[in-house]
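Asks: The primary structure of each chain is shown beneath.
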Amino acid sequence: MTLKFIAAPMALLATCALAWSEDAKPNDAQIAHIAYTAGQIDITAAQLALQKSKNKDVREFAEDMSRDHKAVNDQALALVKKLHVAPQNNDTSKALLKQANAKEAELKRLSGAAFDKAYIDNEVAYHKAVNNELENVLIPDATNAELKDFLSTGLKIFQGHEQHAESLAQSLK
Amino acid sequence: MRRTLTLSILLAVATCAAAAPDAAETVRINVDKLRFAPAEATVHVGDEIEWTNGDFVAHTATARDGAWDVALPVKGSGRIVAQQVGEIDYFCRVHPNMRGHISVKPK
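Just so you know, the protein sequences line up as chains Z and X, in that order.
Counting in the working numbering, the first sequence runs from 1 upward without gaps.
Counting in the working numbering, the second sequence runs from 1001 upward without gaps.
It is possible that some hints are incorrect.
[Claimed, not checked] Residues of chain X placed beyond 12 Å of chain Z at every Cβ, according to the derived structure:
(1) Asp-1032
(2) Arg-1035
(3) Asp-1055
(4) His-1059
(5) Gly-1086
(6) Asp-1089
(7) Pro-1096
[As the list claims (entries may be wrong)] List of simulated lysine-lysine pairs, DSS-like, C-alpha gap at most 27 Å:
(8) Lys-148/Z with Lys-1033/X
(9) Lys-94/Z with Lys-128/Z
(10) Lys-1075/X with Lys-156/Z
(11) Lys-1107/X with Lys-1075/X
(12) Lys-148/Z with Lys-1105/X
(13) Lys-82/Z with Lys-108/Z
(14) Lys-1107/X with Lys-128/Z
(15) Lys-156/Z with Lys-94/Z
(16) Lys-70/Z with Lys-1033/X
(17) Lys-156/Z with Lys-1033/X
(18) Lys-1033/X with Lys-82/Z
(19) Lys-70/Z with Lys-1107/X
(20) Lys-103/Z with Lys-156/Z
(21) Lys-56/Z with Lys-108/Z
(22) Lys-1075/X with Lys-82/Z
(23) Lys-56/Z with Lys-148/Z
(24) Lys-81/Z with Lys-1105/X
(25) Lys-81/Z with Lys-1107/X
Think of the hints as simulated: they come from the structure by calculation, not from any bench.
As the structure is a prediction and not an experimental result, all values here were calculated from the model.
Here a beta-carbon is modelled for each residue, glycine too, at the ideal position from N, C-alpha and C.
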């Protein structure tokens, strides 16, 4: 009895470490909100890079990110409107924003080559994390077929960004 | 009967002339959902290669050896003319997971 009592909270903790537990899968309105928020975060980071960086390759990358994520988010807004889905704020979106704000504060303190390296390294890590979430949580859990298809195209775009960021990170070493 | 035969021979000659091997062609490649389709294309020197982008994000068709870099705007197209015999790998600079290959054969 005592053992069970301890084991239960332990299992609960383990489940909470993941973004969503089995019985609390994100719904389509939350999935749309997470995808949109993730895009906005990368646009904000790109704008900071365009203010701070003088490196031609880094600036071009930031321009690509800003343009692509805006295009994806414009499509996302058109789709949720068509589907009559109102994006719904949630813990994953909040956690993403909180992390992004901390990273932004850190990047703002840097300049020159140190900024370029930190920005691109973060772009690699950020795209990796978001792509992982898309592939393993958001796409499988999306119930609307059009939303699922749209997120799958988004994933291919963001996997491209991840590869682009990785090769840029190599060249900045 | 004889007239029909002559006519059909004439038609055959006309058809052959239109398909003469030295006439440059346009080879079309579509870009859809982050894929070059077909990903592998065979062309001849002098042929035009035209990419049409059906995606909602801009792409490029960029030769791995730096020979060409074609911008493919949203819902737009871009083209090159195959100048010399060779095997060319190409990719999209913005999304390097998009890859294609062109074999350029003699005229």
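Asks: Name the hints, by number, that the structure is in violation of.
Replies: 1, 2, 3, 4, 7, 11, 12, 13, 14, 19, 23, 24, 25
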